[in-house]
Amino acid sequence: QSVLTQPPSVSGAPGQRVTISCTGSSSNIGSSYDVNWYQQLPGTAPKLLIYANTNRPSGVPDRFSGSKSGTSASLAIAGLQAEDEADYYCQSYDNSLSGSYVFGTGTKVTVL
Amino acid sequence: EVQLLESGGGLVQPGGSLRLSCAASGFTFSSYVMSWVRQTPGMGLEWVSEISGSGDSTKYADSVRGRFTISRDNSKSTLYLQMNSLRAEDTAVYYCAEDIGSGSYYRWGQGTLVTISS
Chain A
2 QSVLTQPPSV SGAPGQRVTI SCTGSSSNIG SSYDVNWYQQ LPGTAPKLLI
52 YANTNRPSGV PDRFSGSKSG TSASLAIAGL QAEDEADYYC QSYDNSLSGS
102 YVFGTGTKVT VL
Chain B
84 EVQLLESGGG LVQPGGSLRL SCAASGFTFS SYVMSWVRQT PGMGLEWVSE
134 ISGSGDSTKY ADSVRGRFTI SRDNSKSTLY LQMNSLRAED TAVYYCAEDI
184 GSGSYYRWGQ GTLVTISS
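Chains as they are written, first to last, in our numbering: chain A, 2 to 113; chain B, 84 to 201.
Just so you know, these hints were derived from the structure itself, not from any lab.
Treat the hints with caution; some may be incorrect.
[What the hints assert, rightly or not] Quick list of in silico lysine-lysine cross-link-like pairs, BS3-like style, CA-CA up to 27 Å:
no. : chain 1 : residue 1 : chain 2 : residue 2
1   : B       : K142      : A       : K48
2   : B       : K159      : A       : K48
3   : B       : K159      : B       : K142
4   : A       : K48       : A       : K109
The structure presented is a predicted model; accordingly, all values stated were derived computationally and were not measured.
Turn these sequences into a full structure, and let the hints steer you where they fit.
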């Protein structure tokens, strides 16, 4: 069971802005560990979208942005496009027990 | 072209073993921490294990520690995952991934399906 909680789904019309929350705790996001975000299109491997809270790898449009505050993080998608319809996962490090990287529960973004 | 190509997945009975491979090309393999991440429909994405660039440091998820062994052959640019004492809950698509820092997985393979069933 994931220690990072995301809403199961979010939706928006083309051109709108949507945000996805990622809620953690004091043993992960709240301990200042970085948050990464991944996009997964159907039938494909995840793709790194945001790393170290706010950074975009080369080639990722600036419509995607990340933020972090306290024990939570958020991914925002501005100017929603049809090709943004996918599953999105947050990820961080958790220092409880033996310590491990942990992923969020995942959010399905639907473009209406 | 940068590529990670997994192989070795398949159907195995509970208690059995399997060895996954991940052949890398197009980048300096030995410079990067490499990880295995698995995905199940019910449990989503789960980090499994990581190994340092030199191979002298490894980490494991609690769920696989003592049963799985990660290794690498930098001369062959290949990552491995030896999986023993397999359980039904190990059924998943297994991905190898390149870590660009602090668990940021930039390059991923296409995944290989492991099914544990009698």
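A quick look at each hint next to the structure:
A threshold of 27 Å between alpha carbons decides the hint, and for K142 of chain B with K48 of chain A the separation of about 23 Å falls inside it, so the pair holds. For the proposed pair K159 of chain B and K48 of chain A, the alpha carbon gap of about 25 Å is at most 27 Å, so the pair holds. Restraint check: the Cα-Cα separation between K159 of chain B and K142 of chain B comes to about 22 Å, which is no more than 27 Å; the hinted pair holds. Between K48 of chain A and K109 of chain A the CA atoms are separated by roughly 15 Å; this keeps the pair inside 27 Å, and the hint holds.
Checked against the numbered hints listed earlier, the structure breaks none of them; every hint is satisfied.
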